[in-house]
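Engineer: Below, each chain spelled out in residue letters.
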Amino acid sequence: MSSSRSVAALDPGRSIVDQLRERVAAIENRPAGLPVPTLPGLADLVPLHAGSTYAVDSSSLALAMAAGASQAGEWVGFAGCADFGVEAAAELGIELSRTVLVPDPGEHWLEVTAALVDVLRVVVLRPPASVDERTAGLLDSRLRTRSSVLVVHGDWPRATARLSIEESTWVGPASGTGQLEERRARVVVRRGARPPQRAELTWPGVHRVDREVREIRRSVDGRAG
Amino acid sequence: MRVMVVWCPDWSVVAALDEAEQSPRSPAAVLSANVVEVCNGPARSEGVRRGQRRRDAQARCPELVLLPPNPDRDARAFEPVLAIVEDLRPGVAALRPGLLAVRAPGSWYGTETAAAATVCQALVEGGVWDVRIGIADDLFTAEQAARTADVQSWVLVEPGGSAPFLRALPVHVLQGDGSQGRELVSLLQRLGLGTLGDLADLPGDAVEHRLGTYGAAVRRRARGEDRALFAARTPPPELHAEVSFEPPLDSVEAITFSVRTTAERFVTQLAHHQLVATGVRVEAESDGAVCSSRAWLHPRHFGARDLVDRVHWQLQSADVGGSLRARKHSGAVRAPIDRVRFVPEVVEPAAAHGEALWGSASDDLVERGVARVQGMVGFDAVRRPVLQGGRSPAARQALVPWGERAVDLRPVDRPWPGRVPGPAPVRVFATPPAVEVVDDAGRDVGVTDRGVVTGEPRRFRLGDGVLPWQPVTAWAGPWPTDEAWWSGGAGPSARFQVVGADGRAWLLLRAPDGWSLEAGYD
Chain A
1 MSSSRSVAAL DPGRSIVDQL RERVAAIENR PAGLPVPTLP GLADLVPLHA GSTYAVDSSS
61 LALAMAAGAS QAGEWVGFAG CADFGVEAAA ELGIELSRTV LVPDPGEHWL EVTAALVDVL
121 RVVVLRPPAS VDERTAGLLD SRLRTRSSVL VVHGDWPRAT ARLSIEESTW VGPASGTGQL
181 EERRARVVVR RGARPPQRAE LTWPGVHRVD REVREIRRSV DGRAG
Chain B
1001 MRVMVVWCPD WSVVAALDEA EQSPRSPAAV LSANVVEVCN GPARSEGVRR GQRRRDAQAR
1061 CPELVLLPPN PDRDARAFEP VLAIVEDLRP GVAALRPGLL AVRAPGSWYG TETAAAATVC
1121 QALVEGGVWD VRIGIADDLF TAEQAARTAD VQSWVLVEPG GSAPFLRALP VHVLQGDGSQ
1181 GRELVSLLQR LGLGTLGDLA DLPGDAVEHR LGTYGAAVRR RARGEDRALF AARTPPPELH
1241 AEVSFEPPLD SVEAITFSVR TTAERFVTQL AHHQLVATGV RVEAESDGAV CSSRAWLHPR
1301 HFGARDLVDR VHWQLQSADV GGSLRARKHS GAVRAPIDRV RFVPEVVEPA AAHGEALWGS
1361 ASDDLVERGV ARVQGMVGFD AVRRPVLQGG RSPAARQALV PWGERAVDLR PVDRPWPGRV
1421 PGPAPVRVFA TPPAVEVVDD AGRDVGVTDR GVVTGEPRRF RLGDGVLPWQ PVTAWAGPWP
1481 TDEAWWSGGA GPSARFQVVG ADGRAWLLLR APDGWSLEAG YD
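Going line by line, the protein sequences match chains A and B.
Quick note: the first sequence uses our numbering, first residue 1, plus one each step.
Quick note: the second sequence uses our numbering, first residue 1001, plus one each step.
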């Protein structure tokens, strides 16, 4: 384990003593709730916590959820994602040498995910069919004693937060000219009964478009128009 | 210091026959590379010798039992023998499987003869039939004394009598030292030196020059000058933990409640040795006999709470027995339990399992977890993604089976003209589904040989026609390619980036035989 990796795993914005205390608590078998590194663009929208399940509805969001932990030196895994885009993952900063793929777990998807959750920090699961409450409960109870995060691409009965892309536009192509350059998407985060939270993100790289920037852009667009 | 050496001849054969559950009296040999490595007495009396080829050995003795070599098995089988001697006299050193040394028990048993008789008797009672014991001033002499002894017998070399005893021995006793011993024996015999005494009489520096360090060591031993000592092993710690109930308990709840402290003690005791258990056998005794025993494996390592859970599951499932009627009374066990024991079956160093304070779980742990997944879904179902060079998104990546090295990858750092610019697609389809793309008039959109699009793409849908048409809001392209034309490629094709009305973008390929959906920017 290199020291550069260790330093990267700590969040410089918070007290080092607090972070070490959290880790000691995790070592003493209370891993749930430990923060898991998240991409800066997503960090204030959905800060990931160990032992939680997050549901997403697009592959881009699933990759973005795993990218932060992978950049911080953790292992990540993808189960059931047969159409995994390796180059896109690498562009987002996912370290391919610390990535485990199970493209087609078939009927064993539950056992495979449970085994991956044991050893990896972030596991992205694309369940093959609709998942009932009981099956989800089995995996969730396992997850609570582990220090990892489950990201489900699809529907999940009890997710801590659900992320979905509400509206998406591409900058670049017109009628036969240009090329895909930048994607702007409005992402909605729903947590239980709380009012949904919305944020504008841009790809590639998953950056948060702040409100001020948006207003400036609007005024610039208005002047131009 | 007097040394006692206990020798169990042909130990590999004894251990292998025991494992194969065959009679120890049947002629048998352990072969390695089709050559007899070790054979036992019955085989030797039929003419089988060490170093013989398998064919020759079988010709001499057709009923010869052939056994595979396995050093681990030999060492494992020797462990009970060490334990028996250790009970009588601590400080046992295992020299190699089949040979152990211990400081000769002194006046406790009266004489050395009485001590040898006691050890011999204990071993024979323990099921080791062929035991030979030698007692002498030093290790080498004691070993040679044991080798000259008869079955279940012993040879004592008087204090100070090592040199005369060794002088009389023929040089071929050195064959027990492995290949260098055999080489030296052959050389000495060719030099006309028949006994160790002949070697001992030679001048020391000449022996060292001609025969090397090993020869010089043998000469020193033969003169009785070498006081080789041995390192006694530390007996392995007892790691199991047990709890007895008085009076016996007959309810699962009460038992699980009572084993809690024992489980904690078991885990702390292991932790004290910096170990963790990944496999534990839980045994429950009823009326002095084991009534329920099961090995449990843990994906990581057992904590106290995990152990209590296992006891609960084991006793409950033993009781339920699958029948519905019994399920009603699942709180009670079949017979009152008076003892529960935790036996560690697989222990591993705690360092390999610890949740690291800096950084995440160690790579070893991941390897082990992945191996479990491979056990479930098959070796090549777990993949490692790698990048490679190419034009289409599918060609630019490869999924290598976990644990294999990627071979024949195309280099990434070449220009690859014709590849589609822009961000890489998030979804790459291994088998691209067919799509239909039409223009305003509903005609199929094509690309001419000169790379001109025949119409503006307006709508597209998947080829099976289940999903409705989706309008195209923006498109870019074409990026023409003509891949592998020299070896029957698909022919001139062109790629398009198409944005649908829902804001999702797709990468479409127009090949001579139609459109297909290669990748998605979901």
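If you're looking for bench data, these hints aren't it; they were derived computationally from the structure.
Just so you know, even glycine gets a beta-carbon here, dropped at the ideal spot from N, CA and C.
One thing to keep in mind: the hints can contain errors.
To be verified - Chain B stretches covered by chain A per the calculated footprint, using a threshold of three residues with CB under 8 Å from any CB of chain A:
#1 1213 to 1222
#2 1336 to 1350
#3 1378 to 1392
#4 1420 to 1431
Engineer: Against each hint, give a clear statement of whether it holds in the structure.
Structural biologist: Evaluated hints:
Under a criterion of three residues with beta carbons nearer than 8 Å to beta carbons of chain A, the stated coverage of the segment 1213 to 1222 of chain B fails, only 0 such residues being counted. Counting residues of the segment 1336 to 1350 of chain B whose CB falls under 8 Å from any CB of chain A gives 0; the rule of at least 3 is not met. Residues of the segment 1378 to 1392 of chain B with a Cβ under 8 Å from some Cβ of chain A number 7, which satisfies the need for three, so the listed coverage holds. Check result for the segment 1420 to 1431 of chain B against chain A: holds, 11 residues qualifying (beta carbon to beta carbon below 8 Å, three or more required).
When the structure is compared with the earlier hints, violations turn up for hints 1, 2 and for no others.
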